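*Asks:* As a plain string of letters, each chain reads:
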Amino acid sequence: MKELEKTKRISISTVIFILVILIGVLTFKKPTNVYKKTNSETLAMVNTQDYLVDYTDVDQSNSVFIDIRERFEYSKGHIGEALNMPTADILEEQSISMFDGLRDAGKTIVFYGKTPNEANSAWMILYQLGYENIKILNSATQLVDNRFEVTNYDLEKPIANYLEIFNNGNPENSEDTQVLAPVTPKKVIAVKKKKKRKPEGGC
Amino acid sequence: MGPLIPNGILTNEWNIIIAVLIGLAFGFILEASGFSSSRKLAGVFYGYDFAVLKVFFTAAVVSVIGLYYMDYLGWIDMGMLYVHPTYLWAAIIGGAIMGVGFVAGGFCPGTSLCAVAIGKLDAWVYVFGIMLGVFIFSEAYSVLEGLYNGSFLGNITLVDSFDIPANYIIFGVTIIALVAFFVSDIVRKRIKKVFY
Amino acid sequence: MDKSSENNRHVYWNPYFGGFLLGLLIIFTFYMTGRGLGASGAMKSSVVTLVDKVSHEHTINNAYYSKFVKDDESPMNTWLVFESLGVLAGAFISGSLSGRIGFRVQHSPKITSRRRLVFALFGGILFGLGAQIARGCTSGAALSGMAVLSTGGFITMLAIFGTAYLFAYFFRKNWI
Amino acid sequence: MINRNLAKILAKRYIILASLLLIAALGLVLLPAYQKNEHVTAEDLLAKVVNPERYVTSDDLAHKIIAKDPSILLIDLRDEEEYAEYTLAGALNIPFDAILNADYEAYLNQGQYDVVLFSNDDFKADQAWLILTRLDYKNLHVLKGGINGWYNTILNPPEPTENMAKEAFERYDFRKAAAMYFGVGIKAQDNEQQLNRTPKKVVVPVMKKKKRKPEGGC
Numbered sequence: 001m002k003e004l005e006k007t008k009r010i011s012i013s014t015v016i017f018i019l020v021i022l023i024g025v026l027t028f029k030k031p032t033n034v035y036k037k038t039n040s041e042t043l044a045m046v047n048t049q050d051y052l053v054d055y056t057d058v059d060q061s062n063s064v065f066i067d068i069r070e071r072f073e074y075s076k077g078h079i080g081e082a083l084n085m086p087t088a089d090i091l092e093e094q095s096i097s098m099f100d101g102l103r104d105a106g107k108t109i110v111f112y113g114k115t116p117n118e119a120n121s122a123w124m125i126l127y128q129l130g131y132e133n134i135k136i137l138n139s140a141t142q143l144v145d146n147r148f149e150v151t152n153y154d155l156e157k158p159i160a161n162y163l164e165i166f167n168n169g170n171p172e173n174s175e176d177t178q179v180l181a182p183v184t185p186k187k188v189i190a191v192k193k194k195k196k197r198k199p200e201g202g203c
Numbered sequence: 001m002g003p004l005i006p007n008g009i010l011t012n013e014w015n016i017i018i019a020v021l022i023g024l025a026f027g028f029i030l031e032a033s034g035f036s037s038s039r040k041l042a043g044v045f046y047g048y049d050f051a052v053l054k055v056f057f058t059a060a061v062v063s064v065i066g067l068y069y070m071d072y073l074g075w076i077d078m079g080m081l082y083v084h085p086t087y088l089w090a091a092i093i094g095g096a097i098m099g100v101g102f103v104a105g106g107f108c109p110g111t112s113l114c115a116v117a118i119g120k121l122d123a124w125v126y127v128f129g130i131m132l133g134v135f136i137f138s139e140a141y142s143v144l145e146g147l148y149n150g151s152f153l154g155n156i157t158l159v160d161s162f163d164i165p166a167n168y169i170i171f172g173v174t175i176i177a178l179v180a181f182f183v184s185d186i187v188r189k190r191i192k193k194v195f196y
Numbered sequence: 001m002d003k004s005s006e007n008n009r010h011v012y013w014n015p016y017f018g019g020f021l022l023g024l025l026i027i028f029t030f031y032m033t034g035r036g037l038g039a040s041g042a043m044k045s046s047v048v049t050l051v052d053k054v055s056h057e058h059t060i061n062n063a064y065y066s067k068f069v070k071d072d073e074s075p076m077n078t079w080l081v082f083e084s085l086g087v088l089a090g091a092f093i094s095g096s097l098s099g100r101i102g103f104r105v106q107h108s109p110k111i112t113s114r115r116r117l118v119f120a121l122f123g124g125i126l127f128g129l130g131a132q133i134a135r136g137c138t139s140g141a142a143l144s145g146m147a148v149l150s151t152g153g154f155i156t157m158l159a160i161f162g163t164a165y166l167f168a169y170f171f172r173k174n175w176i
Numbered sequence: 001m002i003n004r005n006l007a008k009i010l011a012k013r014y015i016i017l018a019s020l021l022l023i024a025a026l027g028l029v030l031l032p033a034y035q036k037n038e039h040v041t042a043e044d045l046l047a048k049v050v051n052p053e054r055y056v057t058s059d060d061l062a063h064k065i066i067a068k069d070p071s072i073l074l075i076d077l078r079d080e081e082e083y084a085e086y087t088l089a090g091a092l093n094i095p096f097d098a099i100l101n102a103d104y105e106a107y108l109n110q111g112q113y114d115v116v117l118f119s120n121d122d123f124k125a126d127q128a129w130l131i132l133t134r135l136d137y138k139n140l141h142v143l144k145g146g147i148n149g150w151y152n153t154i155l156n157p158p159e160p161t162e163n164m165a166k167e168a169f170e171r172y173d174f175r176k177a178a179a180m181y182f183g184v185g186i187k188a189q190d191n192e193q194q195l196n197r198t199p200k201k202v203v204v205p206v207m208k209k210k211k212r213k214p215e216g217g218c
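Protein chains in written order, with full-length UniProt numbering: chain H, 1 to 203; chain D, 1 to 196; chain V, 1 to 176; chain A, 1 to 218.
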């Protein structure tokens, strides 16, 4: 049983192992921003229209407008009381603490940009982080003659009957003119399995 | 972050190189721990040498503690790891057959490869036996298929089976391992020494 | 004590140290590849390759072989085969460093070499059979399974060692 | 003296080692649990959001479609009726509600094609992009302006006025030609033909992504 006498190596390696764990734990930082909503919850929320609010429906006394455009655009003109917070800054420590404060105070936050599309991403990220008191202003905003105007916006509304455009300028219907019609090739898509694979294994 | 290859951080070509390197280390550790000697291995069943139990349990405890720390620290994604599937009766019956084979032959496949490398002739025969066993299994697969594929419980872990958080299970396993080490030392002192 | 290689031959690592390094190796394996260690898979691949060489027809018709035979690559081209080649090399290095290389049959002085070889073959067959049924051997199922707390791994481990202890009595002459 | 002390410590060396191991295991139990982010963290997601690279302009897309670029895969996120009415050439319909369905994962989560998501505007497409990017799907793009933008730029481009730069005219010419290519404004064209053609079925043989399959290793 010679081997049991030799404990130098095992002692040293155990100490190193414990040290590595200790260092790892001590230097470990918890993720600051954690998703509170799963993807399917987000998808369900996005499918409702609850997060969109019209300018006229905003309860001014209990709401805070936040302009998510860049600073210079904000400086040119903005909604009266609005604060400025470009999309890139929404996860800064100060921003998060501000959102926390507003949430705890029961205030509604209304994001707006040039169009709702612009405010969309910022809203979505914060919604997934659990800030349910944020809404998007369903309006387009623009600067007209140095006055900041808020106009209604038709979100995701098809602007035209697409078929009409084909009919326009095609008054005559002849049967034998397929020559010019571009026949779009049938797209055959073979999706290969991705590089990222689940490990397989076993003995 | 990890595991590196399934997450695509390292390309798949590395897999082979790493396989050889891991094999090298595996073989070295097994051989240096004395697992190339069938009599040392069999000692665990007769109480004169508990190297198998010690190496095996230490490895299991260290790896499980290490992996869960890494998971905690976000260095590895436990969900990406391959969890050995549980086919209840296949595991029990297969394990029982292996147990008889272990005590009769004195090796398990990994250790027999080590013994093959250092020229133990009984290990050569043993490896040949394993291959014969695989051959028999394959030929009799139609008979054994029900057992092989039956009672499938999924790629479950003890966390799923007992519904206890993994950390408590690990703590329990650690205690069991330490008790086993302690008991094995007592047993070894009482049993007549066998020189081999 | 460890002056001559004759003595050195029986001096192995502290089992805790070996186990500790083995544990680190398992962590490393999972960290790199997401899978555990294994050994008997290589032997299965060899068997499949051999049978495939002898009769390709047979491997395709057999439900078990056909799982591992692919048209475009050899069944030998698996992770475990490469790992096992590494095991052979690693064990050889370790063995040569401590002077343990040499062709011999290791057996208890009470039995003959012939008896030892017969039992080795018998044990090998059983282990090969069992490893296929349980989908893994001590390293693949039990050790790597335990590292990720796999229920199957624990069951396999308990089954192996439990039965081995039960049957140890019948084989005692071979070892003690 | 030193030797004796050392011997004392050595006598207990295994107990010390065992307690170290126990402490390590206990540490795991005692460490405060925290919630983990799966896939992409919010910070990384924001960085990707701020980066405008995900947008594809309709001009670029028109170029690619006309050049029959094989690397793009168009995904129409509108519902089936709208899809049946009109869609972009070669687009595949994955209704917005269904983007998380496992059936469509093979299309969205792959490294082979540049996936271009589009809806009527880019609002929905952006939302889908965000949800899918959080899952760490790669190669996803959004058609800037969506179908409305497509209509306004390619199919019905505004005519440049006299005092505009030369590029504007070149762009206009390209758009006109592209519109022609996509079947607009061609005289003596068979309408029925057009109508039947547009909502074509796209045949997509998909290889399923390999799922974690319990495989007999040994």
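Source of the hints: derived by calculation from the structure; they are not laboratory data. Any given hint might turn out to be false.
Covered, in the sense of this in silico footprint (three residues per stretch, anywhere, with C-beta under 8 angstroms from a C-beta of chain A), are these stretches of chain H [what the hints assert, rightly or not]:
#1 65-77
#2 85-97
#3 138-149
Listed next, the in silico SDA-like pairs over lysine to any residue satisfying Cα-Cα at most 25 angstroms (straight line) [stated by the list, open to error]:
#4 K67(V) / A140(D)
#5 K192(D) / Y165(V)
#6 K37(H) / D97(A)
#7 K36(H) / K64(A)
#8 K53(V) / K67(V)
#9 K36(H) / F96(A)
#10 K64(A) / L6(A)
#11 K189(D) / Y165(V)
Nothing here was measured: the structure is a model prediction, and the numbers come from that model. Glycine included, each C-beta is placed from N, C-alpha and C at the ideal position.
*Asks:* Each of the hints needs a verdict: does it hold here or not?
*Replies:* Hints versus structure:
Coverage of the stretch 65-77 of chain H by chain A is violated in this model, with 0 residues showing a Cβ closer than 8 angstroms to a Cβ of that chain against a need of three. Evaluation of the coverage hint for the stretch 85-97 of chain H: fulfilled, as 4 residues show C-beta separations to chain A shorter than 8 angstroms, against a requirement of three. Only when three residues or more bring their CB closer than 8 angstroms to a CB of chain A does the claim for the stretch 138-149 of chain H stand; here the count is 0, and the claim is violated. Taking the CA atoms of K67(V) and A140(D), the gap is near 15 angstroms; set against the 25 angstroms cutoff, the hint holds.
Taking the CA atoms of K192(D) and Y165(V), the gap is near 18 angstroms; set against the 25 angstroms cutoff, the hint holds. With a C-alpha separation of about 17 angstroms, the suggested pairing of K37(H) with D97(A) holds against the 25 angstroms cut-off. Restraint check for K36(H) and K64(A): the C-alpha separation of about 39 angstroms exceeds 25 angstroms, so the hint is violated. A threshold of 25 angstroms between alpha carbons decides the hint, and for K53(V) with K67(V) the separation of about 16 angstroms falls inside it, so the pair holds.
Restraint check: the Cα-Cα separation between K36(H) and F96(A) comes to about 22 angstroms, which is no more than 25 angstroms; the hinted pair holds. Straight-line distance between C-alpha atoms of K64(A) and L6(A) comes to about 78 angstroms, which puts the hinted pair past the 25 angstroms bound. Using a Cα cut-off of 25 angstroms, the hinted pair K189(D) and Y165(V) holds, with the two alpha carbons roughly 19 angstroms apart.
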